[in-house]
Amino acid sequence: MQIRRKASAGTMQSSDLMVVVEPSDTLKVEIESTVKKQYEHLIRAQISSTLDELAVSTGHIQVSDRGALDYAIAARVETAIRRASGE
Amino acid sequence: MSQVLFDQPAVSEAKELIESQGLRFEPELDDLVGLYEDGELIACGARLGYVLKMLVVAPSHQGTDALGGLITQLIRSAISAGHDTVFVFTSPKNVASFKALNFRLLVAHDQTALLEHGPGLEAYFASHDSQITQGHNGAVVINGNPFTLGHLGLVEQAARQVDRLYVFIVREDQSIFPFAVRFRLAQEATAHLRNVTVLDTSRYSVSAGTFPSYFLKRLDDVAKAQMQIDLLLFAQRIAPHFNVECRFVGEEPNCETTAAYNKLMAEILEAHAIRCVEFPRILAGGLPISATRVRQAFAANDIETLRGLVPPATLEFLQSPLARPIAERLRS
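Quick mapping for you: the protein sequence lines, in order, are chains A and B.
Going by the numbering used here, the first sequence opens with residue 1, and the numbers climb by one from there.
Going by the numbering used here, the second sequence opens with residue 1, and the numbers climb by one from there.
Because the hints were derived from the structure by calculation, they are not lab data.
Don't be surprised by glycine CBs; every beta carbon is placed ideally from N, CA and C.
Check before you lean on any hint, since a few could be wrong.
Sample of chain B residues facing chain A (criterion: CB under 8 angstroms; computed from the structure) [unchecked claim]:
id, residue
1, G69
2, I71
3, R76
4, I79
5, A81
6, A100
7, N102
8, H117
Could you build all of it, start to finish, from the sequences and the hints given here?
Below, the structure is given as structure tokens:
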């Protein structure tokens with residue numbers, strides 16, 4: 001999938017995450033999280049895995065996470081990407 | 001089962017809730033969001049530009065995640081308006097609540113804390129990475145409305161005293177000369193100075209226009225609280241990153257507010273081991289050159305006076321068709 005425009009998904013509520021994606025020439029994933037110290041690597045891994053599944057190779061992805069579980073991360077990232085691709 | 005929804009509250013409704021929590025209602029806003037439960041407003045917050053303010057939760061609902069819901073709406077609203085990063089100015093006692101929402105504390109004093117959410121300061125620094133140099137550097141912060149020979153004199157004198165001089169042009173677009181013009185004129189006027197770098201302040205210069213006062217108890221505290229936050233931001237975050245050891249300003253003979261700011265600047269910078277140097281104003285016709293004088297002469301189409309007040313690039317712009325709408329606005 002191609003990120004064609006800016007889009008977002010999710011909320012800033014506890015156990016959720018907010019994802020904002022926009023087009024970019026390179027791939028950049030920025031993560032803010034209330035559990036960053038403990039789980040940043042896992043959050044990053046889940047995001048990468050979701051991007052791979054959707055065949056996304058470029059984009060600026062910003063995540064503000066409040067302790068979301070892996071399935072929630074996958075869901076929000078996928079929704080944001082789909083909204084951004086215009087599909 | 002209670003029904004929870006987000007809606008835009010009536011100003012009167014929001015005002016009542018905000019005031020009930022000991023805050024002041026500030027009518028300048030771009031967006032107002034409320035959280036309703038069973039038809040009752042139990043939390044609200046507002047946004048003006050990239051600044052979030054007047055966030056309140058009714059006591060009955062404190063300890064729930066009402067703030068998370070409000071912040072979501074406000075951040076989405078900010079993103080739609082083109083702001084990736086949002087600011088919150090609030091009482092220091094609320095810092096922990098905002099940190100739990102991934103806000104980062106920028107600076108604080110006893111009356112005010114400034115936090116941000118989004119790419120923010122780190123992204124600003126990253127965008128200027130290639131312009132950071134080691135050494136004994138200096139800074140001036142200029143609005144440049146427009147850039148005058150006074151500004152140029154300040155920059156030239158300052159540049160002689162440091163390895164690199166950073167000229168920060170105020171990014172806020174509240175002046176009659178648009179930011180893009182103010183920036184370009186500063187760049188052109190200083191292009192001949194090898195050790196001068198012109199850049200913009202982004203959000204990190206806190207003006208009276210940006211600073212909300214809804215959380216301050218007394219209105220006479222506002223100007224000082226605003227200046228302190230602005231100066232702490234410079235001293236604690238900006239200066240160290242750019243290896244700035246000295247800030248230069250022109251003396252302020254006329255404007256009380258600017259003079260008060262300069263005095264507070266000397267105090268705060270010294271407390272952070274940053275030198276503060278005041279240069280006497282450059283004179284033209286026996287009077288200090290100021291952007292105010294330039295705007296007056298420009299509105300009066302007095303080219304001869306302008307020649308003695310501004311560098312060639314500014315004069316060229318003032319005589320160009322692009323400047324005509326600005327002249328008209330000045331005259332009205």
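Per-residue hint verdict: R76 (chain B), partner chain A, C-beta under 8 angstroms: 6 angstroms, holds
Interface hint compliance - I79 (chain B) to chain A, C-beta minimum distance less than 8 angstroms: This interface hint holds because 6 angstroms falls under the 8 angstroms limit.
Per-residue hint verdict: N102 (chain B), partner chain A, C-beta under 8 angstroms: For N102 (chain B), the interface hint holds, since the closest Cβ of chain A sits about 4 angstroms away, which is under 8 angstroms.
Hold the hint about A100 (chain B) up to the distance rule: shortest CB distance to chain A must be less than 8 angstroms. With Cβ-Cβ at 6 angstroms, under 8 angstroms, it holds.
Does I71 (chain B) pass the interface hint, meaning its C-beta sits closer than 8 angstroms to a C-beta of chain A? 5 angstroms, holds
Cut-off 8 angstroms, beta-carbon criterion: hint that G69 (chain B) touches chain A: Interface hint status for G69 (chain B): holds (6 angstroms vs cutoff 8 angstroms).
Close enough to count: is the Cβ of H117 (chain B) nearer than 8 angstroms to one in chain A? 7 angstroms, holds
Would you settle whether the hint for A81 (chain B) is holds or violated, based on the nearest Cβ-Cβ distance to chain A being less than 8 angstroms? 12 angstroms, violated
When the structure is compared with the earlier hints, a violation turns up for hint 5 alone.
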